[in-house]
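Number of protein chains: 2
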Amino acid sequence: MNSLHPARRPKCIATVCLSGTLPEKLEAAAAAGFDGVEIFENDLLNFDGSPARVRQMAAELGLAIMLYQPFRDFEAMPGELLARNLARAERKFDVMAELGVEMVLVCSNVQDIAIDDPARSADDLRQMAEAAARRGLRVGYEALAWGRHTRTWRQAWQIVRQADHPALGLILDSFHTLSLGDTLDGIHDVPADKLFFVQFADAPKLSMDVLSWSRHHRNFPGQGDLPVTDFARDLLAAGYTGPLSLEVFNDEFRSAPARLTALDGMRSLRWLESEAGGAELPAAAQFEGVDFLEFAVDAAAGRELETRLRALGFILAGHHRSKAVDLYRQGGVNVILNMEQDSAASEHFQLHGPSVCAIGLKVDDAERAMTRARELCAQEWRGPVGPTERSIPALRAPDGTLLYLIDDREADRSIYESDFVLHPGVQDDAAGWASIDHVAQALPAHRLDSFVLFYRAVFGMHAEAVQEIADPYGLVKSRAMVSPDRNVRIPLNVSESGRTATGRFITAYAGSGVHHIAFRTERLFETIEAIDRGAACLQHVPENYYDDVAARLGLDDALLTRLHDDGLLYDRDPHGDFLHAYTEPFRERFFFELVQRNGYLGYGAANAAVRMAVQAQLSRGATTSADH
Amino acid sequence: MNSLHPARRPKCIATVCLSGTLPEKLEAAAAAGFDGVEIFENDLLNFDGSPARVRQMAAELGLAIMLYQPFRDFEAMPGELLARNLARAERKFDVMAELGVEMVLVCSNVQDIAIDDPARSADDLRQMAEAAARRGLRVGYEALAWGRHTRTWRQAWQIVRQADHPALGLILDSFHTLSLGDTLDGIHDVPADKLFFVQFADAPKLSMDVLSWSRHHRNFPGQGDLPVTDFARDLLAAGYTGPLSLEVFNDEFRSAPARLTALDGMRSLRWLESEAGGAELPAAAQFEGVDFLEFAVDAAAGRELETRLRALGFILAGHHRSKAVDLYRQGGVNVILNMEQDSAASEHFQLHGPSVCAIGLKVDDAERAMTRARELCAQEWRGPVGPTERSIPALRAPDGTLLYLIDDREADRSIYESDFVLHPGVQDDAAGWASIDHVAQALPAHRLDSFVLFYRAVFGMHAEAVQEIADPYGLVKSRAMVSPDRNVRIPLNVSESGRTATGRFITAYAGSGVHHIAFRTERLFETIEAIDRGAACLQHVPENYYDDVAARLGLDDALLTRLHDDGLLYDRDPHGDFLHAYTEPFRERFFFELVQRNGYLGYGAANAAVRMAVQAQLSRGATTSADH
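Read top to bottom, the protein sequences are chains R and C.
For the first sequence, my numbering assigns the number 4 to the initial residue and increments by one for each residue that follows.
For the second sequence, my numbering assigns the number 4 to the initial residue and increments by one for each residue that follows.
No wet-lab data here; the hints were simulated from the structure.
Because the structure is a prediction, the values reported are computed rather than measured.
Just so you know, not all the hints are guaranteed correct.
Treat identical chains as interchangeable: a pair holds within one or across any two.
Okay, derived cross-link-like pairs now, EDC-like style, lysine to aspartate or glutamate, Cα gap no bigger than 16 Å in a straight line [as the list claims (entries may be wrong)]:
(1) K95 with D76
(2) K480 with D254
(3) K95 with D551
(4) K326 with D345
(5) K95 with D550
(6) K95 with E546
(7) K326 with D301
(8) K197 with D167
(9) K95 with E44
So here's chain R without its partners, still in its complex pose (with noise of 0.2 Å):
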């Protein structure tokens, strides 16, 4: 048994994970920390350069070639198969002196002409690596799932332990091993020097044949649905001292950029290595939930927005001590907008128009959850700080919104009293807003994984399933990143097409950003009486909505009117009810909703179909006149 904090074991990345040439497959691995890479085969194919060349490169970057794959259909071949292949493995082992590697990688047999039989599968093998050995090499046997006849580690263990050849050991793959719903029990009967090598890969749980599963949607550790934790705990507790790699198969990570690609891997397996016990990082943050929300704004903006904060409730609270940043308030929400020139703000501002820049989120210990992203490959951000005013630790999410991590516990007065000149005696808490129920985000469908891993990884998060939704022009996907305690809840929602409203967003905002922002009351019907409903509500909520509701869940008449009345929309889930409305998007950049939830855990996706509806008619409508 190691000890549980062991030095940290090297990081390895599959060229297959990466996008593009081996040069620039090669360069991101390395950019990102990674002590070594798996040469994936057909990436040398198409290189037009020696393994030598390979070797060179890689020695210069800093990086050991580790691995070199895959060999395939190699094992228990009729007739005179096995000499042919013995051949084709001297060839390939000259390259391997070449590249200068010392491991070779044999997944299972998949053809249909193998013979099933272990000890001749044993015999072929233990040649194989006797002529590996002549040469210095080492041979790992790995069981792919859907081998002809070696499906399961287990079945590979004997084969090797049944070669007995000091040169052959076993290859590990979390998804060839977790996609058949395996585990590592066992494991421990394998003596630590046999094995040789793991890959790591997780990947959302789908029903599809494991094959198409595996070649196109594997994503890394943290990305998916996968217990890879567990199996990279077992394997640490049964002794493997190794290099965690990762080798990944993903249609999305064959075209994004290699250097955030490989990024995510590091943070990954930094994640993998903590969450198993390997390593130890700094605890995620206890959040006690948004403590503000920051807008970019210009001036005009500023009174646009100002005019739909009043509407719902909110009043002007203050004035910051050094900038040009006001704050408004109402009940437990800060809204502070940010008009400074020359800021972080006015950055935002450029490249997105009015929107969300910052978000604040309240945190237990500050000075512990930035040490954690730090190590995850955070982005770390420090503005300029006024002589009175407070320090905040930030950093950036994927999308380059900010976010500052609040934790009062040293401070004598809070963030508001410290940076912000306030109206004394303001009755703010009128409109009964108690707090920020969730902050939704919009970005690109193939940049999902890694804003998954992000908030999985740095925070702490829990991703919850995906919900599918019928906008007009296509298919909208949420899937909900949301704290341990349920106080900080993040939806994020991706389209393929670019006609949806995530789509549109997307184009209007040139890029990923907050979307909407649900502002949480206790009691919404009073909250409705106490605003200004009309200014603030997108009406128009369709009465087939409200026939059908009725219908379907059987609401008594009484609720149904005032749902009706207050253009409220209604869900419900097995642990309580959920009353909703909208406001108008602004400048196709945000919208507020407005929400009360008495137990229920979801976001009304059951509703967000006829919502999607009337904001695209509302969009037409925008469009259209802009056109005249």
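Knowing the structure of chain R, use the given hints to seat chain C on it.
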């Protein structure tokens, strides 16, 4: 039994097939010539207008509302739920009366609590049918492939038969039957007047759970892999006389322009009805090969392309009688360069730059083929014709490329003799080009189904299996459309990534079009000797490629040396082998391929990755030098 060719059946489409708001969907269905629509309930719920308003819109567009759907989870529920469900049905009957639709679709119950008791299901459905009949309405019962207890049409029929109510009948759906591997065997036992309605959908063969497959990947008959024509034939033979309707859930359809989708739907149903023997269409053309390719160029591009063609052995064979058009020839291959101002070609050039604007296809009977094309909603094209020139029937491919149909049966001379002043006595077969082997088109990924249907329905081509090719910057999928005698081959290439060769083409070309053309010889080594290989062919095939192909296919050294020295690629399938080479891309628009196929049936997909890697390198080189 019906006669073989009765009057055509009414055509219907479910609103869920089409993108947009309900009014947009109705307009698209009417514009494509549909007789009616199924109203999918959510489209009504999200519409801000009464059911009566929908009835009026449909009537104004000449559309009947043929079905209201779905009504879910009705039958065989425990306890007091039947009463609640009957009350729910009454509310939907109110909506149907206002809509003016006579039939509702009840799909089989999927709830875990549903009781496994066909007699109970029959009893419940009889009560609902009785309630419907009181209002002059009818109920159609459909088995969902993933229903809790009722999954096949035979089970649904036993329930309908037992209920024995005139207002209750069966609704069939080709997807629900075919996705289970089931057929309509035994459908003759169902009285024709109990076959209330039929919905058609096709789908690609995917190994995934049937619910996800159904919700996201259905497509129109002729776009997928299911035996939908057998299903339709069995159905018509059983005496079904109702509408042919389409019900497709497809993520890409949800965001595609509704009018294009509706037109594809109409093409699909007309083709299906004909294939099923329910209506007659002229037979598809018998192809005799690709007769010519026409490039739209300006003077400069024309000179550059001429240089390329001369390097490949082509010579100038003639000038057009009335237009600025040149004919280049080599063996059996004709290439036309069109520089005519104010022509279809010059329009094409304005839009796409130098590129293929027309393809001449040799057919047995051009008039018959054109009549078929017209009936299948293809767009006919007529250009200006000089006094002694031949008028050639033409239509537009889905990418706008003109397809000329050439039929020399009644002509006393070829189109080259009638339209061109030929240079007599020119020796033009030195290079040994025998024919145009294939013409590949690149298209946006979401257009593939539409293109497949066009070539399959209009030209009777087969769709080959999808090949996946790893471009360094993303996945490319290729599906070849091939005429029955294999002398016209049109590979269709798509990529979700904008960074692949296919993606870069679509950006540079501003749309879909021809991106490579393969010339075929029976003796490639000799052809290579006869042409200017240095100018014509792509150099830099990596050495690593030859090392691998030798190890993988066990090539003898003489062949290997020859391939290597000539820079040729090699592949093999069970039918024969394949030698090929590529030219450098012409301004990111297209390239030529040089092929010899000795019985081989494919397109060298195994070598596409290495070709794309070299081309990506060239393209990066071009970009990089342009940057300096």
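Within, between, both or neither: K95, E44 at alpha-carbon 16 Å: Classified as within; 10 Å inside a copy, 61 Å across copies.
Within, between, both or neither, where K95 and D551 count as close if Cα-Cα is 16 Å or less: between (66 Å within a copy, 9 Å between copies)
Copy assignment of K480 with D254, given that the CA separation must stay at most 16 Å: Classified as between; 11 Å across copies, 18 Å inside a copy.
Status of D301 relative to K326 across identical chains (alpha carbons, at most 16 Å): Classified as within: same-chain Cα gap 13 Å, cross-chain 59 Å, threshold 16 Å.
Intra- versus inter-copy proximity for E546 and K95 (alpha-carbon distance at most 16 Å): Cα proximity of K95 and E546: across copies only (14 Å, versus 70 Å in one copy).
K197 and D167: within-copy, between-copy, both or neither at 16 Å Cα: Within one copy only: 10 Å inside a chain, 69 Å across chains, cut-off 16 Å.
Same-copy or cross-copy closeness of K95 to D550 [CA-CA at most 16 Å]: between (69 Å within a copy, 9 Å between copies)
Identical-chain pair category, K326 with D345, by Cα at 16 Å: Result: close within a single copy only, 11 Å intra versus 62 Å inter.
Intra- versus inter-copy proximity for D76 and K95 (alpha-carbon distance at most 16 Å): For K95 and D76, the Cα distance is within 16 Å only inside one copy (14 Å; across copies 60 Å).
In summary, this structure violates none of the numbered hints.
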